[in-house]
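Undergrad: Chain by chain, the residues run as shown.
Number of protein chains: 6
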Amino acid sequence: MKISARNVLKGKIVDIVKGVTTAHVRIDVGGTIVTASITNESVDDLGLVKGMTASAVIKSSDVMVAID
Amino acid sequence: MKISARNVLKGKIVDIVKGVTTAHVRIDVGGTIVTASITNESVDDLGLVKGMTASAVIKSSDVMVAID
Amino acid sequence: MKISARNVLKGKIVDIVKGVTTAHVRIDVGGTIVTASITNESVDDLGLVKGMTASAVIKSSDVMVAID
Amino acid sequence: MKISARNVLKGKIVDIVKGVTTAHVRIDVGGTIVTASITNESVDDLGLVKGMTASAVIKSSDVMVAID
Amino acid sequence: MKISARNVLKGKIVDIVKGVTTAHVRIDVGGTIVTASITNESVDDLGLVKGMTASAVIKSSDVMVAID
Amino acid sequence: MKISARNVLKGKIVDIVKGVTTAHVRIDVGGTIVTASITNESVDDLGLVKGMTASAVIKSSDVMVAID
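Chains as they are written, first to last, in this note's numbering: chain P, 1052 to 1119; chain H, 1052 to 1119; chain B, 1052 to 1119; chain F, 1052 to 1119; chain E, 1052 to 1119; chain D, 1052 to 1119.
In case anyone wonders, no lab produced these hints; they're calculated from the structure.
Where hints are given, some of them may not hold.
Remember, identical chains collapse to one label, so a pair may be satisfied in a single copy or spanning two.
As the list claims (entries may be wrong) - Cross-link-like lysine-lysine pairs, in silico, PhoX-like; alpha carbons within 25 Å at most:
#1 K1069 <-> K1053
#2 K1063 <-> K1053
#3 K1101 <-> K1063
Treat the numbers as computed from the prediction; the structure is a model and nothing was measured.
Whenever a hint applies, use it, and build me the whole structure from the sequences.
TA: Take a look at the structure:
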């Protein structure tokens, strides 16, 4: 599958915390931790585990810009 | 201002393209380009220009996870 | 690529309208038209054209529920 | 109420799973299951139950496009 | 239609700016201006005009929290 | 930090409910309650508590428009 989302940040999963319906997956992208809030079902379907190579995928319209 | 969004990726603006209402701002975050689709007004209000230090800010619920 | 987004609706592209930065892609999913607002760059990168088979992909946290 | 969201996909609720704060509602839209992640309060306020007719509503800027 | 989105902020449209595909609609909600970025088609379909009573509708998962 | 998100609605936190991973924060903005669904970590990091002054922050592309 090839997707229109502009931002695909490759890294390694460093942590997965599951709630009752929602899980938080933390991916180390070149030293920066990116947190994804996804469904537990997605974690199971993709077979996500700590240490796995995975990408954080973000649609451009969901990215804001901030300055100090 | 301190915001709840978990993901703040610091980098440098490498490109800004303005449409009639929507602008695309590309930020180099440690060698990876992150594209933000924001309003022209935001570009003007923040005074964003090429070469400037800026962060891509993303709410965790807007981050997906992909594997190869 | 396998993605965490729960909703992948397969159909056929029936219309693409490009603005200066943002494009609207309409996909016929079993008789229902689904509109995606994506960047022009994505349209070009994926080589999207009218008549092509494509899927509308939506993260669960972006789906609302309505009743009459 | 009439809303600007372009995508209103009518179907039938086939499953509701509640977490502590977040619920997953699955709607059968012409044979395709669409999952919505919404608040428990919304499930209660709308009186959503299995078997009910309901629509999945999605803003165009939250729809991505994928090809095989 | 009754929708799951938790936040419905009633106000009056004070400005509409159309781009080629995307429009910005500004709604005065009790003295605060809320900007919505929606498709031109939605502006036309809903017959939105300056001075009209309208609501800004926002899903809870799209709301962040900030402190000074 | 100055952010591109167009909508910053200042108010007072009236309620915080934590799930296992996701929290709901309700902010009173001039008499209207705005609900934010954010991570528990954000609640802790920002030190959010009932009665505190805080803003609901929303990107324009996440705002829809509705009419009666």
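Undergrad: It remains to establish, for every hint, whether it holds in the given structure.
TA: Verification of the supplied hints:
1. K1069 <-> K1053: Answer is between; shortest inter-copy Cα gap is 20 Å, intra-copy 28 Å.
2. K1063 <-> K1053: Both ways: K1063 and K1053 sit 20 Å apart in one copy and 16 Å across, limit 25 Å.
3. K1101 <-> K1063: within (8 Å within a copy, 30 Å between copies)
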